[in-house]
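For reference, the chains in residue letters:
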Amino acid sequence: MGVKRHRQHFRWTVTLLALVAAAGLVALAAGCGSSTTSSGSATPASTTPQMGGTLNVSFQGEPTGLDPAVAWEIESWSIEHCIFNQLLTYATAPGPAVVTPDIATEVPTVANGGIENGGKTYIFHLRHGVMFQAPVSREVTAADFKWSLERMLNPKMSPRAPAGYLYSSIVGVTALANGKAAHASGIKVIDPYTLEIDLTQPNYVFNDVMALPFTAVMAKEWVAKYSNSAIARHPLGTGPFVFDHWSNGQEIVLKRNPNYFVSGRPYLDELKFELASSSTTALLQLESGQIDVLGSGIPSGQYVQVTNNPTWKGQVTKAPQVAWYYVFMNVQVKPFNNPLVRQAMNYAINTAKLQKLLYGQAEPLNQVFPVGMPGHVDGAQFYSYDPAKAKALLSQAGYPNGFSVTFYTHNVDPMPKLAQTIQNDLSAVGVKAQIKQLAEAPYWTLIERQSAKVPIGLTDWYMDYPDPSDWIGPLFSKSAATTDGSANVSWWWNPQVEALYAQSQPMEPGPARTKLYEQMQQIIMQQAPIVPLDQPILTTMSSKSTGGFYTSAAWTFDFPSYWKK
Amino acid sequence: MGKYIVRRLLWAVVVVFCVSLITFLLAFAIPADPAKQIAGPHATPQVLAQIRHSLSLDRPLYYQYGLYMWHIAHGNLGYSYINQLPVTQSILQRFPATVMIAVFGILFELLIGIPIGMISALRQYSVRDRAFTVFSLVGVSMPTFFLGMLLLYFFAFRISIFPNLAAYSGALHPLYFVLPGLTLGVTGAAWYSRMLRSKMLDILNADYVKAARAKGLPERTVIWRHIMRNAWSPIITLLGMDIGWFLGGVVIVEIVFGIPGIGWQAWQAIENLDHPMIMGTVEFAALLVVLANLLTDIAYTWLDPRVKYS
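Protein sequences appear in the order of chains A and B. For the first sequence, position 240 (counting from the first letter as 1) is numbered 239 according to numbering that gives the first Met the number 0, and the numbering increases by one without interruption. For the second sequence, position 302 (counting from the first letter as 1) is numbered 301 according to numbering that gives the first Met the number 0, and the numbering increases by one without interruption.
Honestly, the hints are just simulated from the structure, not real lab data. Note that this is a predicted model, so its numbers are computed, not measured. Ideal Cβ positions, reconstructed from N, Cα and C, are used throughout, including at glycine. Check each hint, because a few of them may be wrong.
[Stated by the list, open to error] Just a few of them, taken from the derived set where beta-carbon distance is under 7 Å, the chain A residues facing chain B:
| hint | residue |
| --- | --- |
| 1 | H244 |
| 2 | Q249 |
| 3 | S276 |
| 4 | G378 |
With the hints as extra help, turn the sequences into a complete structure.
Right under this line is the structure:
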């Protein structure tokens with residue numbers, strides 16, 4: 000090859016590469032100026048709500064559907080809260096969840112005559128003039144509520160409704176659920192604006208379950224137009240926002256309802272939910288002004304950096320969730336059949352360091368009931384971190400050299416981290432724990448079977464409604480302890496707790512009833528079928544142009560109360 | 000040739016059938032309960048039993064498989080357990096986005112990989128060759144996720160050259176796919192360049208190349224007419240595999256860039272134990288891989304007249 004040819008090749012190679020570069024530049028030029036970045040410029044702080052604007056929210060997941068009878072996730076509930084109303088709801092203010100009227104004119108109490116018959120009859124008076132959204136556009140009556148409740152409780156109409164058990168105390172619901180009746184006789188339409196609900200036994204926390212989204216009112220004629228699966232994609236209610244469209248895997252858009260029964264609300268013209276958006280990307284989008292609220296929280300990897308950043312730390316909101324993470328011990332399996340061993344575990348595990356480990360997204364919990372749940376006793380501590388005491392108890396129980404055990408967990412954050420730190424703590428007292436990690440779905444199936452004899456592992460529980468019966472019933476009752484598939488994976492129960500529980504059921508919520516739950520907590524902690532670990536804190540962020548932002552104990556986000564500055 | 004194609008297509012059916020059987024058995028071998036995923040942690044045993052019955056999950060395995068194949072024969076891939084939408088519709092709706100990622104990915108792989116491979120071979124052991132070797136090593140080792148995040152951070156956020164995902168409205172605007180394509184392209188180009196380089200080095204020493212040069216042909220003609228025409232085969236093989244691979248959905252790229260393609264959907268289906276969606280996506284991808292392989296084999300006949308099928 001001569002020098003001339005060499006140069007030819009060189010030129011030709013360069014040309015080729017130049018073509019590639021040129022193509023890149025063309026793409027660059029075409030793309031320039033497509034998106035603007037806005038700095039988090041300080042707007043004068045405005046506490047007066049302003050009308051108008053679009054709020055952009057990102058969610059890492061996607062609702063499975065928007066049928067209030069069925070859906071049960073943060074994403075669905077916070078969006079349903081914009082579209083539907085119930086008889087009762089939870090107060091739209093920060094703080095513990097308090098039941099307030101929604102379409103009902105007031106919360107039934109014994110004092111106002113709403114609760115009669117020793118807690119067995121509830122009477123709801125409806126507001127006048129509440130209209131279903133267009134195109135149904137007619138007034139809501141008590142008959143609509145009867146129809147909606149029966150639809151939710153009838154497996155033929157809602158085969159996937161998961162929450163029927165919360166309403167099983169309504170007269171006639173069991174017959175409805177078994178297909179022996181077409182209606183629930185205990186739900187009575189007295190007149191177009193009065194609904195009566197009769198219960199089989201006194202229940203003073205019935206208002207709590209009536210405030211859940213499952214009881215939202217739906218229009219019969221609208222639901223009739225769609226199959227059960229399609230109605231979840233075409234929600235229509237009475238709420239402040241009207242459903243506009245849902246692009247699968249991309250976005251859900253809601254628009255203001257001009258005929259909402261609360262005048263002056265909502266503030267926003269439009270709500271846009273970006274779905275399936277990774278939390279890391281969402282954070283970048285919030286910082287560049289494209290997103291206003293992180294629906295799935297701050298990614299834990301960026302938590303420290305964001306909370307220390309002077310521009311953004313004021314935008315971070317922490318909401319303790321009424322939930323807990325805890326270690327369960329199977330009382331049917333050695334050595335956890337021995338209460339001394341279980342107590343030793345409580346002394347062995349250090350919960351104080353969990354806050355740091357989970358980047359501040361948890362508050363250590365040393366009792367059964369978390370903050371926000373009645374029955375929680377501030378400052379109560381049944382066990383302290385005391386490895387020496389743990390070892391002493393183990394010796395007393397007949398395990399002076401500790402023992403080996405398989406510790407189970409699933410693989411979704413933060414469980415693996417918790418499992419590792421607990422393994423560490425346990426080895427310090429001579430308990431050699433081998434971690435067995437499973438995918439989430441098989442994990443629940445495994446631990447919820449008594450025959451699997453899972454000795455010890457991690458689990459969690461999030462509240463359904465803010466009453467301690469939601470803790471004791473599913474997690475510590477005898478019926479849960481003897482049924483496969485329940486959440487009482489310690490398979491533990493106690494006759495004294497059963498007696499106290501039965502005693503508490505017919506009592507109205509108040510200090511006397513709460514006292515009984517405190518006593519139940521005392522017994523549970525003493526018998527120690529579990530080791531409480533922490534209470535999760537949802538740490539999220541809103542943009543500087545989001546007004547009125549707060550987190551709600553009931554739905555996490557209360558979009559109808561926010562505005563755009 | 001026609002008979003060959005027909006025979007291959009019949010084999011395609013057999014392959015997809017076998018794939019469906021294996022996937023079905025694997026999905027059911029997982030000791031987890033889809034009903035629990037659907038109903039949530041608070042569901043009572045009655046609700047779970049109800050859901051299982053409505054999905055025929057309480058019937059024997061062979062019955063469920065038979066039912067499933069019967070539906071497929073009628074063009075029905077079933078309904079997602081989680082959102083109850085028809086699987087066929089969900090896949091076809093999200094498929095165009097995956098196709099775009101695949102197209103751009105392959106485009107960048109070829110645009111970057113081929114020139115690099117050629118230069119490396121023609122200038123063996125030169126500085127350029129060594130530089131490109133390093134590039135190949137980095138490209139092969141770099142995790143796709145990391146490269147994707149880097150590109151996203153620098154070119155969509157720091158400097159807003161490329162539009163960002165919040166604005167993705169489903170329209171298949173090419174600009175959305177440049178960065179994802181580049182992510183796949185850089186890692187894939189490394190493979191292409193090395194394959195091409197080694198094949199070309201083999202050919203450079205062949206007799207017919209020496210003869211062509213001896214005849215006095217310009218170097219450009221020698222390279223394109225004689226060397227490259229014979230060096231295409233590993234590229235075509237890789238390309239065929241890549242097409243099938245990309246069209247099945249590259250989950251990581253889809254997630255990083257927030258592009259709703261079938262890969263991401265399949266990943267969510269696995270997490271949710273959404274059997275119909277898992278099965279549907281796997282069979283769809285299997286079909287595409289088989290067809291891509293068929294196209295690759297046909298392409299060989301055009302490039303290499305010595306290859307004949309009967």
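Quick rundown of the hints versus the structure:
{"no.": "1", "hint": "H244", "in the structure": "11 Å, violated"}
{"no.": "2", "hint": "Q249", "in the structure": "6 Å, holds"}
{"no.": "3", "hint": "S276", "in the structure": "6 Å, holds"}
{"no.": "4", "hint": "G378", "in the structure": "30 Å, violated"}
Hint check: violations occur at hints 1, 4; the rest are consistent with the structure.
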